[in-house]
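Trainee: Sequence:
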Amino acid sequence: MYAVIKTGGKQYKVAQGDTLKIETLVAEVGSIVSFEEVLMVGEGEQVKIGAPLVAGSAVKAEVLSHGRGDKIRIVKHRRRKHYHKEQGHRQNFTEVKVTEILGA
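Residue 1 is where the sequence shown starts when you use our numbering, and the numbers rise one by one after that.
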């Protein structure tokens, strides 16, 4: 069984046992979080699509760790104008493992 969830402004297709890195959540490592915004849930021919959400369904996941991604370099340059700007960015993330998919 798989589900499509929405968290942090993004959508993820998840199945039981999947590990994924999502936007930072305020949760302790080892705790269980529940994603209530489920857009689709099902398997094979038995698929339920929400309008916009599937009522009564949720995805439970365990928080594995918190961290920061790789550094991304941002470079702005205008030729012949003596303008050059460099900037770096590291995005925070929370790593979770899907433990249970509750479908309606």
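Keep in mind that the hints were calculated from the coordinates and are not lab data. Worth double-checking, as some hints may not be accurate.
[Claimed, not checked] The calculated label-pair distances, taken between Cβ atoms and stated as ranges, are: (1) Ser34 with Gly9: 15 to 23 Å; (2) Arg80 with Asp18: 49 to 57 Å; (3) Lys13 with Lys76: 15 to 23 Å; (4) Glu86 with Gly9: 22 to 30 Å.
[Stated by the list, open to error] No farther apart than 20 Å at their CA atoms in a straight line, the calculated lysine to any residue pairs in the SDA-like style are these: (5) Lys21 with Glu43; (6) Lys48 with Val4; (7) Lys13 with Glu43; (8) Lys85 with Gly103.
In this text, all values refer to a predicted model and were calculated from it rather than measured experimentally. C-beta atoms are modelled at their ideal positions from N, C-alpha and C, and glycine is treated no differently.
Trainee: Hint by hint, work out which the structure violates, then give me just those numbers in ascending order.
Mentor: Of the numbered hints, 3, 5, 8 do not hold.
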